[in-house]
Amino acid sequence: MERIKVEHIYKQYRLGQVGTGSLIQDVNRWWHNVRGKEDPTLKITEANDPVAHDNSGFIWALKDISFSVNHGEVLGIIGRNGAGKSSLLKILSKVTSPTKGQIMLNGRVASLLEVGTGFHPELTGRENIFLNGAILGMTKREITYKFDEIVAFSGVEKYIDTPVKRYSSGMYVRLAFAVAAHLEPEILIVDEVLAVGDVDFQKKCMGKMKDVARHGRTVIFVSHNMEAVKNLCTRAILMEHGTIVSEGLPSDVIETYLMSRNQLDWGKEYSEHEAPGNAYTRLKSIELIPIREDGKPIISVKSTLEIKISFWNYVEDLVANLSLHLYAATGECVFNVITQLPPPTIGIGLHHARCVIPKELLNTGVFYVSFMLVQDTAKPLFNFEEVLTFEVEEEREITNWHGKFPGFVRPNIDFKLQA
Amino acid sequence: MRDRNPSFIRIRLQNLSIKITFECKLPSGATGMEKTKFREVITPQQSFFDLKLKELWNYRDLIMLFVKRDFVAQYKQTLLGPLWFVLQPILTAIMFYLIFGRIASIPTQGIHPFLFYFSGLTLWGYFSDVFTKCSNTFAGNAALFGKVYFPRMAVPMSIVISGLYKWWIQSMVLIAAIIGLYVLGVERTNVHWTLVLIPVYIFILAFLGLGLGILFSSLTTKYRDLSFLLTFGVQLLMYGTPIIYPLSFTSGLMRKVLEWNPLTGILENFRYAVFSVGSFDFGGLMYSFVFTLIALTVGILVFYRVEKSFMDTV
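Going line by line, the protein sequences match chains B and V. Taking the working numbering, the leading residue of the first sequence gets 58, the next gets one more, and so forth. Taking the working numbering, the leading residue of the second sequence gets 18, the next gets one more, and so forth.
Some chain B residues close to chain V (C-beta under 8 Å, calculated; not the full set):
id: 1; residue: Lys157
id: 2; residue: Ile160
id: 3; residue: Gly164
id: 4; residue: Gly175
id: 5; residue: Glu179
Heads up, incomplete: computed chain B residues facing chain V, CB under 10 Å, no partners named:
id: 6; residue: Ile66
id: 7; residue: Lys68
id: 8; residue: Lys147
id: 9; residue: Ser154
id: 10; residue: Asn163
id: 11; residue: Ser168
id: 12; residue: Thr174
id: 13; residue: His177
id: 14; residue: Gly190
id: 15; residue: Gly194
The hints are simulated quantities; they were obtained by calculation from the structure and are not laboratory data. Built from N, CA and C at the ideal position, the CB exists for glycine as well.
Chain B extracted, bound-state conformation (with noise of 0.2 Å):
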């Protein structure tokens, strides 16, 4: 039976001339029409997310989306930051609506957009249940029949008649999600609120979650964490710039994701002007380059790995650090590193750095690589995302198993057995 039918949504945002703010702009705007004059506070914004957008000031977060989810579903939406899937949960949990199209439900719907919605640091655990339960369309008898569970899944009975201004955030993040578990919607969307919590507080969560969709509930789930897709979700979507580029097995559209990621190839070089930076640094390249014995250019668990980095700094005499993160696939950051302490000053113009990764350290798979600049140890000047990414390949002396290795790292660790 389905449950959610979406049919050709588009969602458009218009960029500069709403929320101009101010009335007198208005009036500005209205007197320079009278006058037939161009209107001086049209200026188009150019967002710089990946959303492709036209010349008018409008863009198109969504285009032309249609799926459909049945009975006892749980469907997965991946893809990159700014790919829309935050748009279309807004829309199927009403927050906003749609510009374009339309979606049918079946059934009570409850978003969990975050967790802890409508707490009130004045309340005390106990009211706030309540107020949150309500928020998120409980009825008062509901919340009441389900107390006692909730606070007992929580793990903070002792201090529920405190005011959870008093909570520690764990505390706090655990007693918002026990009322959103217990929520028993027909269709629950989820987005990310897994991200939270330590580990067994998340595998609980991931239990109720798969309880949740055993019930024939259906679940709709954004999240970045491509293992909770794949053990969560019985179909997964892939959005790419506002459309759905894949549609089928979570495992099959995942591979599709890491694979899209993975076309980069291992090096980048950038002109002044479209380099990514800001007013304080550029990125002049970024090269990756296997360091191995037998010469080849393979990158592999035996492949010792050098990024090469150039970059434009524009700040004088600044007291320079760069932090570098790898990242997995998965996004979980393997490590983070720095260049050398105490940092050096260095001045206006052209700078490189280089970061060796030994050969033995990384495991198979997809990692990524994001840096910023850092003044004084503490400053941030800029953040280049997801700047390089490649993918370590398997290679290894003969063993009759053939899977992967599990773990981001496969560490050159000395362990023998003495034989």
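Got chain B; can you put chain V on it based on the hints?
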């Protein structure tokens, strides 16, 4: 049409800019086809006069919890707690008594000045509370509205109700003061039979505040300047309403202005009901009623308009 969507017949009357959508469901047996029936449809435009009252009713628990939240949150960690509900108007009334009664010697229609000011202030307090708080509906709840859907009207409705509680508590004090002064022999108050109309007065007052409040709330999402104007305007309006002076005290232009003020009729009739002074002004009451009806209609129409798109403009 019949093949595509047998469970709905849609007739769309398109007249000027007003769109009315009628939806009537046929019993599924009549179409002879079993297809998924959808209980809810999200579309870009909503029918113009759909007030979604049923949905609001389904969220009545939320409204009452908002009311409770406002009470509890406001007076947590204060020494006197809810006593402030009555202390505020009492202190203001005493201040008015000293300034306008003693120093400026403005007559109070023979009513004891404290009772005169206090009775006016309870009404004014309710109106201005509802008005200013409702006018902050969108701006003050942007974070909440951006994350979860519930009928937005629940917020202003909860303000009307919590204001009513406050007014009720203050009325108790007014009654106590009237009885107290009667027993002490300071002031003999004769109530009038129009006392039974007080619920009507309060109703008009509340919905006038609500209508104007949500109208301003919707406008301030686009024009932030209005919120400054509002703070000043409400202050000014208090002096343009017969609270610290009776209508009979004014003349000429001031009188004209006051007669245009929809609050005047309510204030005067309320005092007539409680103290039997002045006269019963049916015309004034009708004017207030019609004004409220218009303000409420316009407010609701604009509110539901803005509700749908406001998250894109903040």
